[in-house]
Amino acid sequence: MSDRDDLRHDAHNPHTHDESPVDNGELRDAAGHSIKDQSRSLPIPPTDDIIADGGRTLWGDAWYRLRKNKLAIAGLVWVIFVILVTLTADLWVKPYFGDPLAMDTTLGANLQPPSADHIMGTDKLGRDVFARVVYGARISLTVGVIAVAISVAIGLIMGALSGYFGGFLDTLIMRGADVFLAFPYVLFAIALIAVLGPSYRNVFIAIGILGWPSIARVFRSSILSVKENEYIDAAKAMGAGHLRMIFRHIMPNAVAPIIVYGTMSIGGAIITEAALSFLGMGVQPPTPSWGLMLSDARPLMVRAPWLMLWPGFAILTTVLAFVLMGDGLRDALDVKMKD
Amino acid sequence: MSTLLEVRNLKTHFHTRDGVVKAVDGVNFNLEPGKTLAVVGESGSGKSVTALSIMRLIPKTTGVIGTDSDILFKGESVLGMDDAGVRSIRGNRIAMIFQDPMTSLNPVYRVGRQIGESLILHKGLKKKEADERAVELLDMVGIPHAGERAKDYPHQFSGGMRQRAMIAMALACDPDILIADEPTTALDVTIQAQILELMIELQERTGTAIIMITHDLGVVADMANEVMVMYAGKQIEYGTAEDVFYRPLHPYTWGLLESLPRHDVSEKGILLPITGQPPSLINVPSGCAFHPRCPYAKDVCRTQVPQLTSIEDGHSSACLFSGDPGFRRETASPSREVV
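Residue numbers (this note's numbering), protein chains in the order written: chain A, 1 to 339; chain B, 1001 to 1339.
Derived by calculation from the structure, the hints in this document are not laboratory data. This one's a predicted model, so the numbers in the text were calculated from it and none came from an experiment. There may be inaccurate statements among the hints.
Stated by the list, open to error - Stretch by stretch, here's where chain A covers chain B in the computed footprint (C-beta under 8 Å, at least three residues):
{"no.": "1", "segment": "1050-1061"}
{"no.": "2", "segment": "1114-1123"}
{"no.": "3", "segment": "1281-1290"}
Heads up, the beta-carbon is just placed ideally off N, CA and C, and yes, glycines get one too.
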């Protein structure tokens, strides 16, 4: 028997040692703690809670809590549905419903109400509205995701520098963020696009650049609160350098609000894209975009109300889905709610 | 025996809006290999700041260590090292355990992974080797089913187990010095006893020197070779545990010992608290900092600052009257040993 085994024998409540070697975790919390003197032993009774906790991971935990939130799951299902429809659109929308760009100039082919041929009707150029809504989702989702990815990338770096190092750097970055936030959002976006030129790519660049200050602020405050924890001091006392501190110890604990905020921001970015396209500053015709479709439908509101109904419905549901998802993630990722 | 750690005239001051807080003001001590030094005092007496100064964990923005201060680890000045040098010592040669085990473990990593981290960092171990070593360490600190438990997350551990895990983490690299900052304060009394016994046992095995920071004199009596009593950032008494407990010199130490509940005194024995509040560290009372609360204070105490002077061999006190043979008190040991 090695030295350690001797120690163990000495250190443990003797019955720990003789305990059945069941390793499924059921008994371990009942095991005595190290004590020489048995009279002082306080066996901790096993609780169902701890046993049920057995093999779960942190993300497993979050998923478990998210699953219980019906609204969040509804949002998730809708987002996945929209993504699947968009990804597979070339396979079934184009052949069976029509090309979103194919105009039909035959007399009476335009502004048709919904029918078996065109389930959402046709627009003023005789294009199938359903096909345009489906392909518009591509634009909206791409803009939403890429724009938020840009915001998050800039925001995370800025927020991390600001929150972790503090001092002058913090002041510099945060005052910079304030300057960005001081401008009216849409106006700033329009101004940026006026400089860059209206195009699909410039829309997400503009939205992405404008989004970073909020992300940086959220991340900074999250880092500041994480920094107060003793495990951060412990990591420092362990000899961790700045990079290890930021990326291994602080970020994983501080990133949850960003996941939540980022998810909700995708919804916001979709709305901004629609607004910019509506104003003619975004995606240019004939590319199908929900905002552009709304804009086209506006003068025909009375004659063909379905034209604005479909893209409006698409924007509403998709944005709502992202917001509900974000809301659910907030509850699911909150470590403090862990029981 | 060569001196492991020498602290020379340590002065750590914090510059705040209200003035300069002299958290530590001229502390000297030596630590020999394998020995235990207890640092005792009320909240705000500078115990923790002393420890953090040794680890160089004082925030640079507000905290200033005096230019004539020095901390020598194996003869090398810790204060003079660059960041990389300090990091190579932290967690490797000098490790630290924090007060609250509930918050000292990073919630997003498995316990085993956290224990192994310093091995990866300092000893260049591979992840897998570090994981294996972490299991051995958990086993060493008396966690039953260590192999299984290493895969758990901190929230699946009880408070006592987390403190064991913290000890395992601190001892991972087999450090020369273990600084324990009130390691038992946040724990139940029964668990406290277990943790202390564990530390004593591990010290016997590994030969690590321990700096035990505590306000619990019972803890000190069980473990310490030498005791340093601090008040308002200054050392007021220093000596072997035996001397300080049985032949205390300073009236403050008398007060500490008399305010301790005792199991060998009848129930009617009245606890004598030290009246008043610990002084503000910005406006430290003139003369002896303890004079406003000292029942023996004379006029001279208001004006003359007592220096730490050696009264007997290896036993010194910072009281103007300590040299007076009549100014003595005998006390019984405040050991927490339950009979």
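We went through each hint and held it up to the structure:
1. 1050-1061: Result for this restraint: holds, n = 3.
2. 1114-1123: holds (count 4)
3. 1281-1290: violated (count 0)
Checked against the numbered hints above, the structure breaks only hint 3 and satisfies the rest.
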